[in-house]
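In order, the protein sequence lines correspond to chains L and G. Note that the numbering used here numbers the first sequence so that position 62 is 62, with each residue one more than the last. Positions in the second sequence are counted from 1; adding 128 to them yields the numbering used here.
Since the hints were derived computationally from the structure, they do not count as laboratory data. The structure presented is a predicted model; accordingly, all values stated were derived computationally and were not measured. Where is the CB? At the ideal position from N, CA and C, for every residue including glycine. Errors might be hidden in some of the hints.
[Unchecked claim] Covered stretches of chain L, as calculated for chain G (at least 3 residues, CB under 8 Å): (1) 11-19; (2) 90-103.
[To be verified] Keeping only pairs whose Cα atoms sit at most 27 Å apart, straight-line, the calculated DSSO-like set for lysine-lysine is: (3) Lys339/G x Lys13/L; (4) Lys159/G x Lys13/L; (5) Lys339/G x Lys240/G; (6) Lys13/L x Lys208/G; (7) Lys289/G x Lys159/G; (8) Lys289/G x Lys13/L; (9) Lys289/G x Lys240/G.
These are the residues of each chain, in order.
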Amino acid sequence: MDRHPRRLPVFLKLAQIRFPIGAIASIAHRVSGVLLFIALPVVAVLLDTSLRDEAGFASVRDLISSPLAVVAAGVLVWALVHHVLAGIRHLLMDVGIGGELERARASARLVLIAAPALAVFLLFWGLS
Amino acid sequence: MRLDIYRFDPESGAPPRMQAYEVQPEAGDKKLLDVLMRLRVQDDSLSFRRSCREGVCGSDAMNINGRNGLACLTALEGLKEPIVLRPLPGFPVIRDLIVDMTQFFAHYHSIKPWLISDAPLPERERLQSPTERERLDGLYECILCACCSAFCPSYWWNPDKFIGPSGLLQAYRFIADSRDTATAERLDFLDDVYRLYRCRTIMNCTEVCPKGLSPSHAIERIRLALLRRSS
């Protein structure tokens, strides 16, 4: 700003701002997207190793059955489900469905609840 | 009643700080602005904008307990104490709760917020049918308080390039006007990755609009108008 030679402060501490539910669904959409982007090459390498030979398959199986790997898989499954559901929500809103505030709030709440629930279900289903 | 208010004095050179206040509301004090006016009597260095005190001028927009709103329309009843008041997020702070709105108004001017018509000048006035007039409902009521733009994450990160919810609502107000003949030029101007498409439909704008308007809906209409034009 030319009118102010000195730099003026800006209040933008996100922790001190009370975000509506739509904003939380949106930031989770971003976070899940970044997680999926980072995880994709790792998962691709794991798949490649597991398909190479019997020893490769065994090593990947051992690796992903550790408790830490199960937690990581849980987070990734959540990221995938949340990203897909939130993405569908945005696509619907883009064509004019559910753009009213009440419905947008309800769909944001639905995505935020359904994603972890579905992730837990998929994880147990995958493990069993 | 306890309040915690953001203070910044540009002359002191000190960084912004929070200051605690204690004030006794009197009978008839219904809105946050009533209490702020009492506080000003206690401490005349406390600075904030206000004018009409009834939600028409849009001067007293601020961040109230973490959400943007107008002090004059925010009821004291139900506000959690201490009431934490900060300036509008993302805007440069001039002093205390007063922010610099230069950029916000530059975006407003950029969308040419006036009627453009190449139709011959009418003898009396440009008439509209009741249906055409109804299309402006929910658009013309914007008071430019900036609650929406200052609550929009896309605007926080790109305040110089993204027009923001308020400017886009105003832009659609003229696109939707049956008397305006510059719709194509207006859409050409908006068809830009930053100016319009930085909107991620987070809908924080609609959440906080003190006039109950829906900038996100106006943005959706602009997008659809652009889509229809291109197909």
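Exercise. Starting from the hint list further up, note which numbers the structure goes against and sort them upward.
Key: 7
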